[in-house]
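Protein chains in written order, with numbering that gives the first Met the number 0: chain A, 0 to 411; chain B, 0 to 411.
There's no promise every hint is true.
If several chains are the same, the list does not tell them apart, and a pair holds so long as it fits within one copy or across any two.
Stated by the list, open to error - Only pairs whose alpha carbons sit at most 20 Å apart, straight line, appear in this in silico EDC-like list of lysine to aspartate or glutamate:
#, residue 1, residue 2
1, 299, 334
2, 299, 383
3, 29, 147
4, 299, 335
5, 299, 216
The hints are simulated quantities; they were obtained by calculation from the structure and are not laboratory data.
Listed below are the residues making up each chain.
Number of protein chains: 2
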Amino acid sequence: MPVLLSPPAAAALLPVAGVRLGVAEAAIRKQNRKDLTLIELAPGARVAGVFTQNRFCAAPVQVCKAHLPAGEVRALVINTGVANAGTGEPGLAAARASCEAVGALLGVSARQVLPFSTGVILEPLPVERLVAGLPAAREALRADGWFDACHGIMTTDTVPKAASRQVTIGGKTVTLTGMSKGAGMIKPNMATMLGFLATDADVAQPLLDALVKEVADLSFNSITVDGDTSTNDSFILIATGQAGNPTLSDPASADYATFRAAVLDLSIWLAQAIVRDGEGATKFITLQVEGGASRDECRKVGYAIGHSPLVKTAFFASDPNLGRILAAIGYAGIDDLDVSRLRVWLASAGEEVLVAEQGGRAASYREDAGARVMQEAEITVRVDLARGSATATLWSCDFSYDYVKINADYRS
Amino acid sequence: MPVLLSPPAAAALLPVAGVRLGVAEAAIRKQNRKDLTLIELAPGARVAGVFTQNRFCAAPVQVCKAHLPAGEVRALVINTGVANAGTGEPGLAAARASCEAVGALLGVSARQVLPFSTGVILEPLPVERLVAGLPAAREALRADGWFDACHGIMTTDTVPKAASRQVTIGGKTVTLTGMSKGAGMIKPNMATMLGFLATDADVAQPLLDALVKEVADLSFNSITVDGDTSTNDSFILIATGQAGNPTLSDPASADYATFRAAVLDLSIWLAQAIVRDGEGATKFITLQVEGGASRDECRKVGYAIGHSPLVKTAFFASDPNLGRILAAIGYAGIDDLDVSRLRVWLASAGEEVLVAEQGGRAASYREDAGARVMQEAEITVRVDLARGSATATLWSCDFSYDYVKINADYRS
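Construct the entire structure; sequences and hints are all you get.
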């Protein structure tokens with residue numbers, strides 16, 4: 000039951016010149032599932048990525064980190080079902096073997112292939128089945144393969160997540176198409192498992208490398224479903240350079256600002272889509288923290304609210320149990336926080352209600368106003384820390400019976 | 000559905016010389032509930048306490064912190080229903096007014112009274128109802144009032160939590176009786192809301208002050224239900240000095256070691272009882288982390304496992320989804336953790352199963368062994384970080400449908 004999130008129309012996903020995608024059924028974990036996605040990039044594409052900070056980072060993440068700096072990436076291979084994480088040396092060998100097989104099939108080097116896996120941790124990757132499925136995935140390669148691919152990377156997601164944008168840069172139309180998957184184990188610390196954004200823009204590599212980090216921080220690294228940071232989180236930004244625009248290389252240029260805004264807009268949409276389709280989610284919650292001494296402390300406050308099971312169950316119940324929000328702010332880790340200066344609002348559907356001020360419930364607060372806001376499917380919690388001018392915005396969801404059901408049943 | 004936790008027998012709760020307890024119905028939030036508990040201490044009792052680190056600390060906690068250093072505490076007053084937290088200046092005035100009323104009733108100064116509240120945050124405390132209920136509570140004061148009192152401090156607790164111990168010190172029998180309440184918003188950061196432990200031992204104040212911190216760290220500050228640190232957490236250690244033992248003042252003495260061990264044992268029992276009766280809990284989980292470079296990092300790893308909703312729902316499902324445990328260890332915040340050296344075991348009912356080693360699933364691991372352990376109601380997760388000699392033990396519970404139900408319904 001995703002929150003205000005619809006599947007994309009196939010026609011709405013615009014091809015990106017230089018990118019072809021194909022999906023196949025490889026029976027990685029279960030039969031009759033589209034569980035293998037191949038993405039082929041034309042020569043000259045530039046690629047940048049950010050990956051999970053989890054110390055148990057998955058074998059494919061380790062291989063990506065080794066292959067990415069080596070040079071021209073020509074293919075990405077993505078399997079669902081098995082995460083190939085917590086699999087030790089055999090897992091690394093399996094990830095490398097999948098790159099070898101893709102390289103042989105496409106006539107490129109194994110080091111030009113990036114592997115991605117998502118699914119159950121600690122299970123060995125059946126690499127022979129993955130390899131056996133590759134020819135079918137190559138057969139399926141199409142420029143308009145985004146629709147199939149955004150289905151092919153789903154696990155417990157209930158809705159495929161993909162969208163396109165177009166902007167004009169240097170008189171040329173530049174296309175951006177991206178897709179993501181998420182659902183659980185979502186508190187990305189370097190981008191969620193998995194986000195892919197491709198554009199035909201021509202972008203210099205140093206700018207692309209900086210942009211992927213900046214954008215990940217403001218999108219995939221600003222969401223949480225359950226506070227668990229996955230072993231496999233990866234966000235990949237691809238620029239094929241085929242739009243014909245003058246190469247973007249000056250971070251201060253107006254063209255770069257246009258491009259950056261489009262990448263950020265699409266990335267935030269993809270990241271929010273993961274929250275809207277969070278496991279068991281019934282509410283989409285924006286946590287807007289302002290007046291902080293630093294962005295970091297604003298994020299701490301936002302995550303304390305966004306992770307609190309008590310706050311999340313209150314949202315599920317549409318119960319304006321505001322004390323739980325104040326308690327979460329209180330334990331967020333700001334030692335010298337003056338709670339008497341802090342203000343908290345609840346907002347939804349054009350209505351903003353002041354909830355707390357001067358260390359307690361606002362004198363103007365009426366329970367019926369709080370209850371009205373809490374009934375909505377999209378709710379904003381705004382917190383003014385009154386300590387400075389830093390801000391941060393995070394996105395989260397509520398915590399329902401279905402979260403427990405989904406995660407108690409996931410492997411069965 | 001508490002995990003292997005029974006209510007105490009009334010006769011098992013031993014009176015502590017110098018302590019009398021009385022309970023009354025004051026209709027603080029609902030009618031016909033024993034929601035007001037008064038504890039009277041004889042002159043000469045020494046008291047030490049530790050309190051929540053939440054910046055939104057409740058009004059009664061602020062008053063306790065002001066009254067405790069002032070001198071001889073003669074009474075404690077505890078109400079349920081309303082936490083008197085996030086209530087600003089009017090909340091402080093209400094907490095002070097309840098101390099004034101108790102003082103007037105017992106003929107002591109208001110500064111000799113410690114107030115405690117537990118219940119809903121952000122609601123004003125109806126102090127006039129509390130004050131009106133005090134005479135009945137005073138009428139009820141009895142040395143064997145522990146059984147009533149451990150019922151009187153319950154909120155969403157399903158089982159009252161209290162126990163006694165006796166040890167011999169300097170040839171004298173010393174009695175310790177304690178009680179606690181918990182259930183939700185449980186990740187104490189200075190002792191949970193609420194723990195009271197009284198003994199008739201004669202203990203010097205400096206030793207009592209040190210002991211309360213040391214014991215809180217190893218008991219109430221080593222548990223978690225949902226990771227939310229309450230605004231009201233308080234743990235109070237009372238020594239009435241009426242046992243006739245030579246005053247304990249040397250921390251290196253054998254008598255003090257005996258006494259410390261008894262206080263610690265009872266405090267751990269009371270803290271574990273809170274976890275066993277955690278909201279919706281069906282499993283009691285011990286997190287034993289060893290081989291750490293510091294106790295702090297062992298606790299980080301334990302709490303990462305103990306707070307992970309994915310791990311907690313897997314325990315609820317009795318599913319040995321061990322990858323979730325590894326993922327939690329991986330994001331616990333140890334930057335230079337070498338996952339290839341780490342080992343993880345699951346243990347229960349005399350069986351210990353090596354689950355993970357060398358960065359992946361242990362070669363010897365069999366799913367049926369893991370599944371057998373996970374079926375038990377008490378499970379130990381043992382983690383060897385292989386980085387040093389520090390250890391930490393925490394206690395946690397699983398995450399069930401009932402947790403969501405209880406917290407989505409709590410205010411209604």
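My question is about residue 299 and residue 383: at a cut-off of 20 Å on alpha-carbon distance, are they close within one copy, between copies, both, or neither? within (13 Å within a copy, 29 Å between copies)
Given identical chains, is residue 29 near residue 147, meaning Cα to Cα at most 20 Å, within a copy, between copies, both, or neither? within (18 Å within a copy, 57 Å between copies)
Alpha-carbon proximity context of residue 299 and residue 334, limit 20 Å: both (12 Å within a copy, 19 Å between copies)
Residue 299 and residue 335: within-copy, between-copy, both or neither at 20 Å Cα: Only inside one copy: residue 299 and residue 335 sit 14 Å apart there, 23 Å across copies, limit 20 Å.
My question is about residue 299 and residue 216: at a cut-off of 20 Å on alpha-carbon distance, are they close within one copy, between copies, both, or neither? Classified as within: same-chain Cα gap 14 Å, cross-chain 24 Å, threshold 20 Å.
Going down the numbered hints, you'll see the structure goes against none, and every one checks out.
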